[in-house]
Amino acid sequence: MGKKEVIVTVGLKEGISDPEGKNVKKALSLLGFKEVEEVKILKSYKITINENKCKDIDEKVKAMAEGLLTNPVVHDYEISW
Amino acid sequence: MKPEDINICILRIEGTNNEQEMYDAFKRLGTKPHLVHLNELSSLKPYQCLMIPGGFSAGDYIRAGTIFASRIKSNFMDELNNFIKEGYAVGGICNGFQVLVELGLLPGNPKGNGTITACLSRNDSARFECRHSILKHVSSKKCVFTSLLPQNEQLIVPSAHAEGKFLLSGGKKAYEKLEKNGQIIFKYVNYKGETNAPYPWNPNGSPYNIAGICNKRGNVFGMMPHPERSFFSKNEHGYSGKILFESVVKYIGGTF
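For the protein sequence lines, the chains are A and E, in the order given. Mind the numbering: the first sequence is residues 358 to 438 in our numbering, read in order. Mind the numbering: the second sequence is residues 649 to 904 in our numbering, read in order.
It is worth saying that the hints were derived from the structure and are not from the lab. Just so we're clear, the structure is a prediction, and the values are computed from it rather than from any experiment. We put the beta carbon where it would ideally sit given N, CA and C, even for glycine. Don't take each hint at face value.
[What the hints assert, rightly or not] Using C-beta positions, here's what the derived DEER-type ranges look like:
hint, chain 1, residue 1, chain 2, residue 2, range
1, A, Glu371, E, Ile804, 33 to 39 Å
2, A, Lys370, E, Glu827, 19 to 25 Å
3, A, Glu408, E, Asp653, 32 to 38 Å
[Said to hold, decoys possible] Which bits of chain A does chain E cover? Going by a derived footprint, with three or more residues having C-beta under 8 Å, they are:
hint, region
4, 369-379
5, 425-438
Based on the sequences and whatever the hints tell you, model everything.
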């Protein structure tokens, strides 16, 4: 038991427009990367957790993601350890 | 209640702005506005109205308004819910609107459990949009912030935001319900007054051109453009951003 790192990656749900991604795709295309078909912007949070202070670590991280890191109307998220 | 007895809490944290314009707006109407930092707020009891100003609270990290909302949740959410239940007025302008949405107070849900049902998402243009918007007052119901403004009256109010696209969970039906309830207060229109006017009249791509909404009861209100910045710029019928502040002062004066 000690410190554990978790990465929560937040992205927009399917069907929600991603104007930043579209702009990045356009910029890449202008630089000559014509092969790029789509760009989606994701945001990652690397969270270090003290396992000694946390019994139900999976539930806690889920609660963090749903309670603060995402807005359920537009976001999906993935947790990776 | 006389205007001089009305206490307005204008809530700040690091990164809020336009609170001074909001303070001046209420001061000009003879009320007692107070600029209060969240860390200094011990109770809402002295106040009849809570205003959350614009800006980039806490750097708009995570999402616009999210950190301000989470700090309110951890500090005095129960008291704020009671404040609203008692009929006191709560208003959010721009970043303040984003905060009220992230708190689950707008558009609000029947259970009142703070579930988030909307989002002010990134503008379709993917950039900060800063220009005057024409807003049509579309609701016939009486939101306490627009009760003195006739239906279909139009105001010219500055917009200045990067995340103002109002998205609602539940799709078309949810928007229709909001409209039916009279909760959609302002829509972006063009110079012809058309409520389906595209960009740049609608600066962010909000479906149904939504610029401002209220809760079902009408005492919690949020809008993206800044009426406090257009206090003096009257339209041809003599209306300006001032009318929103006059409306809420009249409501408080007549109710409490």
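Going through the hints against the structure:
1. A:Glu371 <-> E:Ile804: 33 to 39 Å: 38 Å, holds
2. A:Lys370 <-> E:Glu827: 19 to 25 Å: 24 Å, holds
3. A:Glu408 <-> E:Asp653: 32 to 38 Å: 55 Å, violated
4. 369-379: holds (count 5)
5. 425-438: holds (count 6)
Hint violations for this structure: number 3 only, all remaining hints satisfied.
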